[in-house]
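There are 2 protein chains.
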Amino acid sequence: MAPKYKRKEIPEVLRNHGITPTHQRIEIAAALYSRMEHLSAEQILALVNEHAAETSKATVYNTLKLFVAKRLVREVIVNPGKTFYDPNPEPHHHLYHLDTGCLTDIPADSVSISGLPPLPPGLKTEGVDVIVRVRAARASGG
Amino acid sequence: MAPKYKRKEIPEVLRNHGITPTHQRIEIAAALYSRMEHLSAEQILALVNEHAAETSKATVYNTLKLFVAKRLVREVIVNPGKTFYDPNPEPHHHLYHLDTGCLTDIPADSVSISGLPPLPPGLKTEGVDVIVRVRAARASGG
DNA sequence: GTAGTTGCAAAGTGTTTGCAGGCAG
DNA sequence: CTGCCTGCAAACACTTTGCAACTAC
Numbered sequence: 001m002a003p004k005y006k007r008k009e010i011p012e013v014l015r016n017h018g019i020t021p022t023h024q025r026i027e028i029a030a031a032l033y034s035r036m037e038h039l040s041a042e043q044i045l046a047l048v049n050e051h052a053a054e055t056s057k058a059t060v061y062n063t064l065k066l067f068v069a070k071r072l073v074r075e076v077i078v079n080p081g082k083t084f085y086d087p088n089p090e091p092h093h094h095l096y097h098l099d100t101g102c103l104t105d106i107p108a109d110s111v112s113i114s115g116l117p118p119l120p121p122g123l124k125t126e127g128v129d130v131i132v133r134v135r136a137a138r139a140s141g142g
Numbered sequence: 001m002a003p004k005y006k007r008k009e010i011p012e013v014l015r016n017h018g019i020t021p022t023h024q025r026i027e028i029a030a031a032l033y034s035r036m037e038h039l040s041a042e043q044i045l046a047l048v049n050e051h052a053a054e055t056s057k058a059t060v061y062n063t064l065k066l067f068v069a070k071r072l073v074r075e076v077i078v079n080p081g082k083t084f085y086d087p088n089p090e091p092h093h094h095l096y097h098l099d100t101g102c103l104t105d106i107p108a109d110s111v112s113i114s115g116l117p118p119l120p121p122g123l124k125t126e127g128v129d130v131i132v133r134v135r136a137a138r139a140s141g142g
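The listed protein sequences derive, respectively, from chains H and S. Residues 1 to 142 in the numbering used here are what the first sequence spells out, letter by letter. Residues 1 to 142 in the numbering used here are what the second sequence spells out, letter by letter.
Everything labelled a hint here was simulated from the structure, so no lab data went into it. Hints should not be assumed to be uniformly reliable.
A pair holds if it fits inside one copy or across any two, identical chains being indistinguishable in the list.
[Unchecked claim] The calculated BS3-like cross-link candidates involving lysine-lysine, where the alpha carbons are at most 27 Å apart (straight line), are:
no.	residue 1	residue 2
1	124	8
2	57	82
3	6	124
4	57	124
5	8	82
6	70	82
7	82	65
8	57	8
9	124	65
Small disclaimer: the values here were computed from a predicted structure and weren't measured.
Could you put together the complete structure from these sequences and hints?
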């Protein structure tokens, strides 16, 4: 998928979300935006240090949490013990390939969900995650 | 919710799923079925040892994995680093309360999802998880 | 006697934290 | 100087593993 932002636009994107654009944060945002893929913290750490080791693990985690809090990216939780980060903050769904661990988007505009019961009063919806888990058809199910 | 099985039925349920019913496995199944709630491994460990410590952590984890493999229960993944186990294996969806960590069922029969794109050939759907994340309306979002 | 099950505790993975140094205003 | 940002490494929570004793048949 085409990058959502050009690299030089990233500082402004961060500012627009109330995030001071530092070198490390720009690198992390660029890693996500240049690929528009779902990346784990581990993958992002590897990517930003690909050319030169300049960002620590702690900073990657801190920054990703900051991005999530500021709604710059979205957490996608498909399996316990590893969080993926999705640079596409718009509502959409996910297809998770159980054999490969590959995670792809399902555009929200093609999908409609109806019949969800009304929320109890005093609650508001933060988001609806739809995860379609698929497997190779020939794999014996277990 | 009413228990799905009576305690004395549990050994047969296990056998029907190809699981040798041992004391610990029956306890763990009973903990799930008597409550029909979403429990974490930690909660199950506490429940089965409530009266007397007779089941180890390893056995709880091993048994839960076995139950999942045998389709007796379902894993529900709502946050990284903690897996919930759902004694209801039928298709249904979940409401996750972000403030309390409380997880409740949404019956599948009231919800319809349409417009999911066709699967690429050679894949089969293992399941569709819908997680509605809610929060107290007055809580400032962060 | 054999095969399967359990328990303990240590190892493992992914994530979070505490504190000191660095840079900007 | 003050405050935010960063890095290191230890701490942390949850889960998995290895091995020996135990149980049932």
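To see whether the hints hold, each was checked on the structure:
1. 124 / 8: Neither. Shortest intra-copy (36 Å) and inter-copy (42 Å) distances fail the 27 Å Cα cut-off.
2. 57 / 82: For residue 57 and residue 82, the Cα distance is within 27 Å both inside one copy (15 Å) and across copies (22 Å).
3. 6 / 124: neither (34 Å within a copy, 37 Å between copies)
4. 57 / 124: neither (34 Å within a copy, 37 Å between copies)
5. 8 / 82: neither (30 Å within a copy, 38 Å between copies)
6. 70 / 82: both (21 Å within a copy, 24 Å between copies)
7. 82 / 65: For residue 82 and residue 65, both the intra-copy (14 Å) and inter-copy (18 Å) Cα distances are at most 27 Å.
8. 57 / 8: within (24 Å within a copy, 51 Å between copies)
9. 124 / 65: Within. Shortest intra-copy distance 22 Å satisfies the 27 Å Cα cut-off; inter-copy 34 Å does not.
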